[in-house]
Amino acid sequence: MTQYVTPDLCDAYPELIQVVEPMFNNYGGNDSFGGEIVTVKCFEDNSKVKELVDTDGKGKVMVVDGGASMRHALLGDMLAEKAAKNGWEGIIVYGCIRDVDVIMQTDLGVQALATHPLKTDKRGLGDVNVTVKFGGVEFVPGHFVYADNNGIIVSPQALSMPE
Numbered sequence: 001m002t003q004y005v006t007p008d009l010c011d012a013y014p015e016l017i018q019v020v021e022p023m024f025n026n027y028g029g030n031d032s033f034g035g036e037i038v039t040v041k042c043f044e045d046n047s048k049v050k051e052l053v054d055t056d057g058k059g060k061v062m063v064v065d066g067g068a069s070m071r072h073a074l075l076g077d078m079l080a081e082k083a084a085k086n087g088w089e090g091i092i093v094y095g096c097i098r099d100v101d102v103i104m105q106t107d108l109g110v111q112a113l114a115t116h117p118l119k120t121d122k123r124g125l126g127d128v129n130v131t132v133k134f135g136g137v138e139f140v141p142g143h144f145v146y147a148d149n150n151g152i153i154v155s156p157q158a159l160s161m162p163e
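First residue of the sequence shown? That's 1 in full-length UniProt numbering, and the numbers climb one at a time after it.
Hint data in this document are derived by calculation from the structure and do not stem from the laboratory.
One thing to keep in mind: the hints can contain errors.
To be verified - Derived lysine-lysine pairs resembling DSBU-like cross-links, with alpha carbons at most 35 Å apart: (1) K82 / K133; (2) K82 / K122; (3) K85 / K58; (4) K82 / K119; (5) K58 / K82; (6) K50 / K82; (7) K122 / K58; (8) K122 / K133; (9) K85 / K119; (10) K122 / K85; (11) K50 / K119; (12) K133 / K85; (13) K50 / K122.
Said to hold, decoys possible - Cβ-Cβ distance ranges computed for the label pairs, FRET-style: (14) Q3 / Q105: 14 to 24 Å; (15) P14 / L125: 33 to 43 Å; (16) F43 / P162: 33 to 43 Å; (17) P7 / R123: 37 to 47 Å; (18) E15 / P117: 40 to 50 Å.
Cβ coordinates follow ideal geometry from the N, Cα and C atoms, glycine included.
Make the full structure from the sequences, and use the hints.
Here's what the structure looks like:
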């Protein structure tokens, strides 16, 4: 697994990257991750997240725009473990997650705004692979995102760590 260092990527590709405003916390077992963006736009309903973790996520990062809701968790330990099993590099949640003690032991990158113990309702609502915007940045499906303890950056093309 590639270890990404976002300051080094920022220095190497200043003309390509955009930096997400600092607001996220690192909760996953992998504190550095990156890959192709797959988006989910949902509000207090993680049905589409549940569907996507069952798909092949090799080389991909799920970006979940939960509208910054602080009332429900959009990701928990069972979905995180399923995502790791299916090869997802990471999940970024613009909202809350739960079961963080287990998620910290999971082979998956996870960043979110905060934690909340309450799960969501499952109503089948949400959009997959639409452009979402938060943190001053647009997350475009097919573009790339990289995250570590320093922050989150996006790029229209894949970046490789400088030598």
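Each hint, compared with the structure:
Under the criterion of a C-alpha separation no larger than 35 Å, the hint pairing K82 with K133 is consistent with the structure, at around 26 Å. Of the pairs offered as hints, the one joining K82 and K122 holds, with about 17 Å between alpha carbons and a cut-off of 35 Å not exceeded. A hinted pair counts as satisfied when its Cα atoms are at most 35 Å apart, and K85 with K58 qualifies at roughly 10 Å. The straight-line distance between the Cα atoms of K82 and K119 is roughly 17 Å, inside the 35 Å bound, and the hint therefore holds.
Under the criterion of a C-alpha separation no larger than 35 Å, the hint pairing K58 with K82 is consistent with the structure, at around 13 Å. Simply put, K50 and K82 have alpha-carbon atoms about 9 Å apart, close enough for the 35 Å limit, and the pair holds. Pair hint K122 plus K58 holds up; C-alpha atoms about 26 Å apart against a cutoff of 35 Å. A C-alpha spacing of about 23 Å is found between K122 and K133, which places the hinted pair at or below 35 Å, so the restraint holds.
Taken as a hint, the K85 and K119 pair is honoured in the structure, with Cα atoms around 21 Å apart against an allowance of 35 Å. About 22 Å separates the Cα atoms of K122 and K85, which keeps this hinted pair within 35 Å; it holds. Restraint check for K50 and K119: the C-alpha separation of about 12 Å stays at or below 35 Å, so the hint holds. Pair hint K133 plus K85 holds up; C-alpha atoms about 28 Å apart against a cutoff of 35 Å.
The suggested pairing of K50 with K122 holds, with an alpha-carbon distance near 9 Å, which does not exceed 35 Å. One distance hint, 14 to 24 Å for the beta-carbon pair Q3 and Q105, holds here, with the actual separation near 19 Å. Checked against the hint of 33 to 43 Å, the pair P14 and L125 passes, with Cβ atoms roughly 39 Å apart. Between F43 and P162 the Cβ separation comes to about 39 Å, which falls inside the hinted range of 33 to 43 Å.
A beta carbon spacing of about 41 Å between P7 and R123 agrees with the range 37 to 47 Å that was offered as a hint. Checked against the hint of 40 to 50 Å, the C-beta distance between E15 and P117 comes to roughly 43 Å, which is consistent with it.
This entry satisfies every hint, going by the numbered hints stated previously.
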